[in-house]
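Novice: Sequence:
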Amino acid sequence: MKKEIEVTKSWLEKVVVGLNLCPFARQPFSMGRIRYIVYEGADIVQLAKVMVQEAQYLSRQPPAEVETALLILSNALPDFFDYLDFIEEAEWLIRENGLEGIVQLASFHPDYQFAGTEPEAPENYTNRSPYPMLHLLREESIERVLENYEHPEEIPARNIEKMRELGVEGIRKLMGE
Numbered sequence: 022m023k024k025e026i027e028v029t030k031s032w033l034e035k036v037v038v039g040l041n042l043c044p045f046a047r048q049p050f051s052m053g054r055i056r057y058i059v060y061e062g063a064d065i066v067q068l069a070k071v072m073v074q075e076a077q078y079l080s081r082q083p084p085a086e087v088e089t090a091l092l093i094l095s096n097a098l099p100d101f102f103d104y105l106d107f108i109e110e111a112e113w114l115i116r117e118n119g120l121e122g123i124v125q126l127a128s129f130h131p132d133y134q135f136a137g138t139e140p141e142a143p144e145n146y147t148n149r150s151p152y153p154m155l156h157l158l159r160e161e162s163i164e165r166v167l168e169n170y171e172h173p174e175e176i177p178a179r180n181i182e183k184m185r186e187l188g189v190e191g192i193r194k195l196m197g198e
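The numbering of the sequence shown is this note's numbering, which starts it at 22 and goes up by one.
Read the hints as simulated data drawn from the structure, not as lab findings. Since this is a predicted model, take the numbers as computed values, not measurements. Any given hint could turn out to be false.
Unchecked claim - DSS-like mimics (lysine-lysine), calculated; alpha carbons at most 27 Å apart, straight line: (1) LYS70 x LYS183; (2) LYS70 x LYS30; (3) LYS24 x LYS35; (4) LYS24 x LYS70; (5) LYS70 x LYS23; (6) LYS70 x LYS194; (7) LYS194 x LYS24; (8) LYS183 x LYS194; (9) LYS194 x LYS30; (10) LYS23 x LYS35; (11) LYS23 x LYS194.
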């Protein structure tokens, strides 16, 4: 197994699933239904092609086999602002390829920073990951989980509160930094 996948799985287990930051993650993680793809290149045009291919692949697979996919960028988009620009392009590509309403994109980056926050604010860690990542999710899976989840609109605020309680040092320790 590639190092990037091992590190990502550890982060998922300790942070995302361990802290229950994402109510959608526990089942696919525990059942082995997350597809991990490491993109080792730095070429953004090629990355866009790979992202579309993976979104199409996800849309064609039965959820019982592949529920969600993480495209891990080991060398591409280390700069957070370049990454955000690419996310806009990726969302456009999802629409242009007829995948809107089928596949949704979530974003994670080691330097993730919400607008209006300080770089080291604990709430930024809700979207910080060991590598820049594109998380491809099935819309139908999200809808299914939300039907049985009380007050899903409170998830972001709850996650921010968890991160503030842990503090930056506690979060870094948990992430193995």
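Novice: Find the hints from earlier in the document that the structure breaks and name them by number, from lowest to highest.
Specialist: The structure conflicts with hints 1, 6, although it agrees with all the remaining ones.
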